[in-house]
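Colleague: Using the hints, position chains B, C and D against chain A.
Number of protein chains: 4
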Amino acid sequence: MKTPQQYLDSLAAMKHNVWMHGQKVDRPWEHPQIVPGINIVALTYEWPQKAQHPELVTATSHLTGETINRFTHIHHSCDDLQKKVEMTRLYCRETGCIQRCMGIDALNALSVITHHSDAMFGTPYYGRLLDYIKYFQANDLVGNAAMTDVKGDRSLRPHEQADPDLYLHVVEKRPDGIVVRGAKAHNTAAPYAHELIVLPTRDMRAEDADYALAFAIPADAPGITLVCRGAAPSTRHEMAAPVSSRYASVESLTIFDNVFVPWERVFMCGEWQLAGYLAETFATYHRHSYCGCKPAITDLLMGAAALVAEYNGIDKAHHVRHKLAELMVTAELVHACGLAASLKGQPQTSGTFLPDLVYANVGKFYAGTNLHHEMELLQDLAGGLVVTLPSEEDYRSAELGPALKKYLAGPAHLSVDDRVRCFRLVEDMSASKFAGLLMVAGVHGGGSPEAERLAIYRSYDLESRKELARRAAGIDA
Amino acid sequence: MKTPQQYLDSLAAMKHNVWMHGQKVDRPWEHPQIVPGINIVALTYEWPQKAQHPELVTATSHLTGETINRFTHIHHSCDDLQKKVEMTRLYCRETGCIQRCMGIDALNALSVITHHSDAMFGTPYYGRLLDYIKYFQANDLVGNAAMTDVKGDRSLRPHEQADPDLYLHVVEKRPDGIVVRGAKAHNTAAPYAHELIVLPTRDMRAEDADYALAFAIPADAPGITLVCRGAAPSTRHEMAAPVSSRYASVESLTIFDNVFVPWERVFMCGEWQLAGYLAETFATYHRHSYCGCKPAITDLLMGAAALVAEYNGIDKAHHVRHKLAELMVTAELVHACGLAASLKGQPQTSGTFLPDLVYANVGKFYAGTNLHHEMELLQDLAGGLVVTLPSEEDYRSAELGPALKKYLAGPAHLSVDDRVRCFRLVEDMSASKFAGLLMVAGVHGGGSPEAERLAIYRSYDLESRKELARRAAGIDA
Amino acid sequence: MKTPQQYLDSLAAMKHNVWMHGQKVDRPWEHPQIVPGINIVALTYEWPQKAQHPELVTATSHLTGETINRFTHIHHSCDDLQKKVEMTRLYCRETGCIQRCMGIDALNALSVITHHSDAMFGTPYYGRLLDYIKYFQANDLVGNAAMTDVKGDRSLRPHEQADPDLYLHVVEKRPDGIVVRGAKAHNTAAPYAHELIVLPTRDMRAEDADYALAFAIPADAPGITLVCRGAAPSTRHEMAAPVSSRYASVESLTIFDNVFVPWERVFMCGEWQLAGYLAETFATYHRHSYCGCKPAITDLLMGAAALVAEYNGIDKAHHVRHKLAELMVTAELVHACGLAASLKGQPQTSGTFLPDLVYANVGKFYAGTNLHHEMELLQDLAGGLVVTLPSEEDYRSAELGPALKKYLAGPAHLSVDDRVRCFRLVEDMSASKFAGLLMVAGVHGGGSPEAERLAIYRSYDLESRKELARRAAGIDA
Amino acid sequence: MKTPQQYLDSLAAMKHNVWMHGQKVDRPWEHPQIVPGINIVALTYEWPQKAQHPELVTATSHLTGETINRFTHIHHSCDDLQKKVEMTRLYCRETGCIQRCMGIDALNALSVITHHSDAMFGTPYYGRLLDYIKYFQANDLVGNAAMTDVKGDRSLRPHEQADPDLYLHVVEKRPDGIVVRGAKAHNTAAPYAHELIVLPTRDMRAEDADYALAFAIPADAPGITLVCRGAAPSTRHEMAAPVSSRYASVESLTIFDNVFVPWERVFMCGEWQLAGYLAETFATYHRHSYCGCKPAITDLLMGAAALVAEYNGIDKAHHVRHKLAELMVTAELVHACGLAASLKGQPQTSGTFLPDLVYANVGKFYAGTNLHHEMELLQDLAGGLVVTLPSEEDYRSAELGPALKKYLAGPAHLSVDDRVRCFRLVEDMSASKFAGLLMVAGVHGGGSPEAERLAIYRSYDLESRKELARRAAGIDA
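For the record, the sequence lines run as chains A, B, C and D.
Take the first sequence: its letter number 213 is residue 213 in the working numbering, and every next letter is one higher.
The number in the working numbering is simply the position in the second sequence, starting from 1, with 477 added.
The number in the working numbering is simply the position in the third sequence, starting from 1, with 954 added.
The number in the working numbering is simply the position in the fourth sequence, starting from 1, with 1431 added.
For reference, chain A alone in the conformation it holds in the complex:
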């Protein structure tokens, strides 16, 4: 397993195809908007080295028997699934979003679907994938999952779009590989990932066969351009809340301009019948991950809410406890779904364990449709200062500082500096660009509420419930 420094070195060795604010970024690993993202991922290299929660953050490879980073592991038991979701919660408590989950969620999904594909179509994908996974584990790589196409007019299927490139597709098949064109959106961590793992974004029909495409490729391969956007505060200050100034993920719109992919990295190419199944299987893994990360965000919001109440002198008020309890309920409903999805996980034909689809979806759905209300509760307990607190420059200035320190005091026994820091945290977590990312990722990360609702409805055994009702009603079916 790599050390954090080795991870940084490996990034520095990559070609530079990262753009931000209209300019190519020379040294992405030093850019102030990208460093906070790298800091997060570096933590996943640090904990295994420091043996923090070793049983959670490492695993034993089913391929080589070696100890590997769990973020490169293919789950082979319910316990693996449970550990993934618990590891995710721990990492995300520190960082908001650990980012590295998506790559391994993609590889697990591929390990399920390529096995089916080979059985159904005689394709050679599963063996290729195992080779790739060995390489991935041996080099302790970070993979981004590039799934969501830009999609153009969403009422049209891929092949119906005005511009055929609005979904990523194969434009040429060569003896040694394929050439692809298109763009993928919302690619978290792409500028500091080693690999892009590309998946189809939806179900396909025969006419869409060119769009039924899955492969892995180095993130700096020729023809790839990453147009990035960070969520970190634009300036860093002494009192900026570390959680957002030290840790903040970066998203990329990734352009594939006639990119060549060698066959040994191609895991789906034309098997449109399995495209939707692959998308859904990845979504199940990723929604399962959300059952770890979203409770972690609630942990942070809840801690901030309890803290700011204390700094306001209202922590004993009944309504404050009521609201904190509401946050506790939300966190644990979601995490319970993560645990239940693990406990009810099932081995697939390849031996890979898949979390229960319904529980994974229910957990993400509940998380995604309650996060804004959690923000509301936090702001409710904090008060208007969240958005009216004078700037740090004012607070530090010789002229205004003493008066501000005087008037921003809370309960006398608590430090005013700390009170100000606490409000900065609440601002960062709930009333900033960073908060915007948290909220939108809460709704759309891993799929939208409508996608989850549909997945639940489709997979749920409604017929057995109707049968119960018939029996209860005395109807002979």
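Because the hints were derived from the structure by calculation, they are not lab data.
No false leads were mixed into what you were given.
List of simulated lysine to aspartate or glutamate pairs, EDC-like, C-alpha gap at most 20 Å:
no. : chain 1 : residue 1 : chain 2 : residue 2
1   : B       : K501      : C       : E1353
2   : A       : K344      : B       : E532
3   : B       : K492      : B       : E507
4   : D       : K1837     : A       : D257
Modeller: Quick look at chains B, C and D alone, frame taken from chain A:
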């Protein structure tokens, strides 16, 4: 294990202390308001005999190694806890409320607390309890848990009440046992249980020591009067929905008029320091049970909703699927908590496994504060006929029958009789005295939402979340 | 204006076409399930006589200038609309549902649409209607609005049904009138109304022309059969809550078996283009009425909740006040919509004032999707006794009475009898057949939430909001 | 009435006591973070000049009979109240928050309470206030309402704070006036208001008499320092959404360092018995204003949601319409409360009309506890691009521009530039510092949800509802 018939015979052998509608009931096991309750419990004797779900409905006694009914089992693993909650869901899908959970929830709680009591106070309770459990298992008994006192003025503690009997208390200690007086409310299944297992209803202080009381006693012991109330439809018809006419629980207000309890049946008497802990431990077991039964009720409501939508010809409508998905989410959020509470169960000093308190409470809390909305969704899909459908007498009458059959038709390929049955089911489940019981039991069974909120708030590790927030804010604690 | 006695006498003079429980009811005005409905309507004759709220309960006829019962008035100002909604709240506070609103809502809707019809199609309806309204006012009549057809398969239009009679339609046109066949459901108050005012239930197409039908007819006209169902408690006791034992509405499934309607009573016959408009206009009036009645029901639920909290000794608890405030918010959000719909009412071409469609719909929608939660709050504050309180026979019996009186005590200074009465009220209001009617009527009365959502969406000026957004975004539209 | 230019000139004539980011701002009326606030207020001078909605934006002074800006008017009828709430909605549709409401809300509240004060205590406040109002109207002034003290430890009363200055108080009374010290927080518009109108923030006791203080003072009076914070995007771009780059309010923490106030500007000084009443009366006026501005924000969010759905090609989807309808319901529930509060407004002893307290509070409460959910709906319909859209610099760059324009296309018939603008708007409105201000102002502006809940509970006629319930239960009170 007893057969259903042996259970019925054992009831017939009991003394008759059951009252209903102002009259002593001569043969309670034949009373039309009580039979539906007995039918439910009889099912718990039937499934083990028929080997239906044998791994769930039976267990191996940790005391004797014999196969016993799981409703007499002391949990000794996370798997035991999971099986309890899954068994509960299966039984309740047929019956709404299986009733027999509470007795074994009480015995499990006693097996935890008496062990503590002996360690703290040198009491002899745990050994006594094991003897009692052996007897309970050997005779495959049904226990009611008599917990909630009538409580008088709830703003006062037990010893402060105007009438000292408003909480059950010990009035005399004799060499051979104790004499108790008071009343317990909401005693489900009491008129067809063999045993009452009496627990304290709340935390106590030193002045309340006489109220810190737990014991077991035959339900027909001298001095006990059961004033009962059933929820079954008052008349049974051919088309009445079996779920409420065949199955409906009975509640008792149980009066203890100077009842003698021999010492070997006494498990707490004066140890006020543990009264609240016992109450809370029982509540944890029982809220864990609700994570099985409430999803089962949602299963039924959901099935009825899907069915009635079909009988109305609207099952393809988008909003209908949306509402069914909402029911699915509710069912599985609650059940996920049951599974998570099982998975995170912990052995206590006696070896008994206790489900995780937070998950058990979160599950029951969510269930209890969403059930009315589920009723709303069901009624929404059904329409006004739920409450305006003409009576069965009208439907069967020679004069009106043909016209009603004509005008109550739904989609042409579906039976009108079945459509009417379906509406009767919806009426029974959502707009009747039986529905009233479901709703109130949903809110208050196992404790009120406020009690659950308090239990969550008190047990939750909020400090660790504040610490997270301090770290995220850059505050040195 | 009639006296209550004159109203009763007028009922006794009607022919008997009322059925209940499979039997023709000889003297409907004395039937224990029907009397509670009559009692309600009688109140609308009593208040004007006793000059209770005279400015609200009476009005000045725009046709004759005479003082009339407001339940026979055609609204001619915003103030009229406001008075209607405030009158409705006052009456419904006493009775739950005053029932007489629907007839006048129907006549107001007809006064709008017949005027349009005459202008569009040269029909003679408006003049006929004015004659009928004069007769209705002069005789101070009660009108039922028979709108909802039984509808069969709801995915099919009227003319597509397997049985053409599943929507009421004209089967013959004669020189002197028309003959109609079909059935109307959920006809509140029909067995003690003088007149049935029949309206189409939905929008129609040309093929449905025979179903585009509106007329008025005496409720005892030849060929009409009323199959009824009451919501009153089946037995009346000393302690039964008056609100449900004295007052409870009756619903009828009304069968029209080749009923003759003279032309002077026909207000739509074939003008399918206006059928949906008439249905929607009636719905707007009726949803406006719900902005009066639903807050009244909340007033009752809130009063019961505050009272039962007091009888439990918990009225000072913070969460209790929080829940009462929630009920206050619900009541006034709905009533505010009633007031706003009145204030923004607009005269139509006939001079009749129509409440604002959006506000009327928003109010009813909010009411209908919150009532179940209100029930939950009431039950939450009341506790399990709502469904486990022993029967009045037990409470009155010589053997059990003293013990029950002892154990059902609340705070010492409050009467136990009154506490028991209070729980009976909560039971009646939230956990009974009567409560079932309240809930279903809350959801479906005046139309379902989906119907309201659609009406809001269709009528709302969304384009102007998009224009705002374009301007805010700097988009040149 | 002033022209916009005269308003700007008047600002330029003021002394400079505005600080931002640690520096005194030389020319506040040109600062890029302050200009967007000034732009908003300037609109209130523009519309009267251009005769846009003249009946709404101007009024007739009850003191002079002259036509004045409605933002300087004392309401003298229900119609005045209704016009205020409707004017507010129109202005806020363009600007998010019109800011000028608070000054006139404060003057109206003072016109009610000073009249009571004079009657109770023989004070000379009402006459002074009328003189001040004449001056305010004649010069068409902008007043900030400086109400919220910084409050220190909120569990302590003003006189109990460790530092007596944590609530603003009188430190000296002179023959010609008073000297005050302390600080007021969240002072919207203060850096471009002419006057600060200072009000007490809560109820007081006798010991707090020095804190019972109300007065008006020029915003640039000696001893006043405004520490400001803006919510505008830090940089302006061609495609920035005008609503936040052109219009964004500024908040000030206002420090009063021994500020002298002449007696003719003092309206409360020591009358602690009326301090809470004044605070509540201002809150009622201001919550009434929120019933205009919050629906306007929903109008904007709804418009943006409908627009972005169109740019995504999903505007026909059922769930999209469902969500838009939800936004419509929210907007109109709140606005209905504003209309109802106007309609039920009552004249106070001074002749000033006060909106109904319950409706004003219910409206603001509902708005403040639903805004975050509205943001969620908007983000739900928009998708991840809200936070992952590349920057404008990327979009405009020669290298990336063509590819981004290609891949950010939506439905082919819609402009890509406009689609990008639409996403910028959604970002600004829901996922930015500006959005943070909207959210926090939604919760806390005019008081927190707890304050509103308490106001509703205290003012509501609960006793009459309990009486209803007693009558319904058959209880003789």
